[in-house]
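Q: Assemble the whole structure, with the sequences as input and the hints as a guide.
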Amino acid sequence: MASEKLTKLEQQQAELQRKQDKIKAKIRAIKSKEQAEKRKKATHYKVLLGSFALRSFIDCGELPLVSAEQLRKFINDDKKFDELKSFIDDEIKKGKS
0 MASEKLTKLE QQQAELQRKQ DKIKAKIRAI KSKEQAEKRK KATHYKVLLG
50 SFALRSFIDC GELPLVSAEQ LRKFINDDKK FDELKSFIDD EIKKGKS
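Its first residue numbered 0, the sequence shown is counted upward by one per residue in numbering that gives the first Met the number 0.
Some hints could be false.
Straight-line C-alpha distance at most 27 Å; calculated DSSO-like pairs for lysine-lysine [as the list claims (entries may be wrong)]: (1) Lys37 to Lys92; (2) Lys40 to Lys95; (3) Lys37 to Lys79; (4) Lys39 to Lys95; (5) Lys30 to Lys40; (6) Lys21 to Lys32; (7) Lys30 to Lys45; (8) Lys45 to Lys21; (9) Lys32 to Lys79; (10) Lys37 to Lys72; (11) Lys79 to Lys95; (12) Lys39 to Lys72; (13) Lys21 to Lys4; (14) Lys18 to Lys30; (15) Lys39 to Lys84; (16) Lys30 to Lys84; (17) Lys32 to Lys78; (18) Lys39 to Lys23; (19) Lys37 to Lys95; (20) Lys45 to Lys95; (21) Lys39 to Lys18; (22) Lys32 to Lys92; (23) Lys18 to Lys7; (24) Lys93 to Lys45; (25) Lys72 to Lys92; (26) Lys45 to Lys32; (27) Lys37 to Lys4; (28) Lys37 to Lys25; (29) Lys92 to Lys79; (30) Lys79 to Lys93; (31) Lys72 to Lys45; (32) Lys79 to Lys39; (33) Lys7 to Lys40; (34) Lys40 to Lys93.
Distance ranges between label pairs, derived from CB positions [claimed, not checked]: (35) Arg71 to Glu14: 55 to 63 Å; (36) Ser2 to Arg38: 39 to 47 Å; (37) Lys93 to Arg71: 21 to 29 Å; (38) Gln69 to Lys39: 20 to 28 Å; (39) Thr42 to Ser96: 20 to 28 Å.
Note that these hints are calculated values from the structure, not bench results. All residues carry an ideal CB built from backbone N, CA and C; glycine is no exception.
A: Quick look at the structure:
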């Protein structure tokens, strides 16, 4: 009788372990997807900054210092500009650390 209870408890433990493993796999998949989205956005922002720098270079014949006002005129979408500014601020913080 005691061995039956022990076997049942072991089966329950194994089932719970399988469920825990599935949950952990789902969490890893979600984190991976989030990181991929962050990399995609970062690449997009870098392309925007590069195109802005290239446009400035073509217009001025040299690579000028970029002001937020000039960048704001170049990117006429408030949400995208705010996200880009946040991205730039984060990259500056990374560079300082």
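Q: Indicate, hint by hint, whether the structure satisfies it.
A: Status of each hint after checking the structure:
1. Lys37 to Lys92: Cα-Cα ~17 Å, so holds.
2. Lys40 to Lys95: holds, 21 Å
3. Lys37 to Lys79: holds, 14 Å
4. Lys39 to Lys95: holds, 23 Å
5. Lys30 to Lys40: Between Lys30 and Lys40 the Cα gap is close to 15 Å, so the pair holds against 27 Å.
6. Lys21 to Lys32: holds, 17 Å
7. Lys30 to Lys45: holds, 22 Å
8. Lys45 to Lys21: Roughly 36 Å separates the two Cα atoms, so the pair is violated.
9. Lys32 to Lys79: holds, 21 Å
10. Lys37 to Lys72: holds, 25 Å
11. Lys79 to Lys95: holds, 24 Å
12. Lys39 to Lys72: holds, 24 Å
13. Lys21 to Lys4: holds, 26 Å
14. Lys18 to Lys30: holds, 18 Å
15. Lys39 to Lys84: holds, 16 Å
16. Lys30 to Lys84: Measuring from Cα to Cα gives roughly 24 Å; hence the hint holds.
17. Lys32 to Lys78: holds, 22 Å
18. Lys39 to Lys23: Within the cut-off at roughly 24 Å; holds.
19. Lys37 to Lys95: Holds, at about 20 Å.
20. Lys45 to Lys95: The hint holds at about 19 Å.
21. Lys39 to Lys18: violated, 32 Å
22. Lys32 to Lys92: Between Lys32 and Lys92 the Cα gap is close to 24 Å, so the pair holds against 27 Å.
23. Lys18 to Lys7: holds, 17 Å
24. Lys93 to Lys45: Within the cut-off at roughly 15 Å; holds.
25. Lys72 to Lys92: Holds, at roughly 24 Å.
26. Lys45 to Lys32: holds, 20 Å
27. Lys37 to Lys4: violated, 49 Å
28. Lys37 to Lys25: holds, 18 Å
29. Lys92 to Lys79: Holds, at about 20 Å.
30. Lys79 to Lys93: Given pair Lys79, Lys93 holds - Cα atoms ~21 Å apart, limit 27 Å.
31. Lys72 to Lys45: Satisfied, since the Cα-Cα distance of roughly 17 Å is no more than 27 Å.
32. Lys79 to Lys39: holds, 14 Å
33. Lys7 to Lys40: violated, 50 Å
34. Lys40 to Lys93: Holds, at about 17 Å.
35. Arg71 to Glu14: 55 to 63 Å: holds, 57 Å
36. Ser2 to Arg38: 39 to 47 Å: violated, 53 Å
37. Lys93 to Arg71: 21 to 29 Å: holds, 23 Å
38. Gln69 to Lys39: 20 to 28 Å: The hint (20 to 28 Å, Cβ to Cβ) holds, given that Gln69 and Lys39 are roughly 26 Å apart.
39. Thr42 to Ser96: 20 to 28 Å: For Ser96 against Thr42, whose Cβ atoms are near 22 Å apart, the range 20 to 28 Å holds.
When each numbered hint is compared with the structure, violations occur for hints 8, 21, 27, 33 and 36.
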